[in-house]
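Asker: The residues making up each chain are set out below.
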Amino acid sequence: MRKASCLIAVFLLCFAALAQPDAVAPEHEKRYYSLLDELRCLVCQNQTIAESDADLAKDLRAEVRKMLQAGATDSEITEFMVSRYGDFVLYRPPVKPRTWLLWFGPLIFLVIALMVLSRLLRKQKKAGSTALTEDEQAKVDSILSRTEE
Amino acid sequence: MSSRLRLFRDVGMSKYLLPVILFFILTSFLFVGLYRDPTEVSSPLVGKPVPQFSLPRLDNSEALFSEREFLGKVSLLNVWASWCVACLEEHPVLSELANRNAIIIYGLNYKDDVTKAHQYLVEHGNPYLANAVDAFGRVGIEWGVYGVPETFVVDKKGVIRYKHIGVVTQQDVEEKLLPLIGQLQSEVL
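As they're listed, the protein sequences go chains D and B. Be aware that the first sequence starts at 1, since it is given in our numbering, and climbs by one per residue. Be aware that the second sequence starts at 1001, since it is given in our numbering, and climbs by one per residue.
Check the hints yourself; a few may be wrong.
To be verified - Residues from chain B that face chain D, not an exhaustive set, calculated with beta carbons under 7 Å:
no.: 1; residue: 1033
no.: 2; residue: 1041
no.: 3; residue: 1137
no.: 4; residue: 1146
These are computed hints drawn from the structure, not numbers from a lab. Heads up, the beta-carbon is just placed ideally off N, CA and C, and yes, glycines get one too.
Starting from the given sequences, assemble the full structure and let the hints guide the process.
Answerer: This is the structure we're talking about:
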């Protein structure tokens, strides 16, 4: 029995040791994880540095922790990353002239689509109100009577 | 034939032309994208002075290697490690450059074991004038390193002028590095 509890204790200690490197002060925890979610791992580009198991992601996580402990603000930390790795490191690209098309492009397309839609609807409404001419009516009648035969 | 022509006139050419134009715009974007490597992220460090750092040298751990090393000459900084397979691929190319005295090559030995790094240079030859030992990759972060090998071209003022990501091939040397080095060497301090 004692042996078993001893084993469990050792087991738990191992876990504690494993968890240690990524530990962050409780008061920083929330900011830490939200920052990690904003930063791209450049090695495996479709993961954040929170998700990635790459060596560089580990190093960058350590860097974020160190900066948080030193009292850096969120913007100081993202600025640190951007100045070394470029805007690409941010999952949320900054709004600036180069990214205007990216940010506002969808809005432009929406406006164009709405304009086209309204024009089509107006056209349809107009077309719907026009009755068939006598000529056309006669044509329709002849075709319909033919199919009946 | 004539009825078809009338059709065109009636509906207006634009109805047919517009999708064709959109198609060409879309395909030209896709075509350009086809030849771009998403793993090559342009570095914001190009055009900026080399970051400040101070690291022990590989050949003499008592001596320090700092950013001052880069002043007054055009040089390369090659980020490498003995565990890096791709580095071995570019090693002969770097050796060639060094043998031709085309340029001074410094090395940043990235997250490596010092003994293995020494062994690597003994085994494959040493193109580096000096190596800085970045055992924990901390200086690598300062340089924006995210994959080994990476190679930086630094001008006489100690400003980073170019970053090459991945293996440097002979073709890269002829087409990109040598022309740039020639241009930088002709710049006056």
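Asker: Determine which of the earlier numbered hints do not hold for this structure and return their numbers in increasing order.
Answerer: Violated: hint 1 alone.
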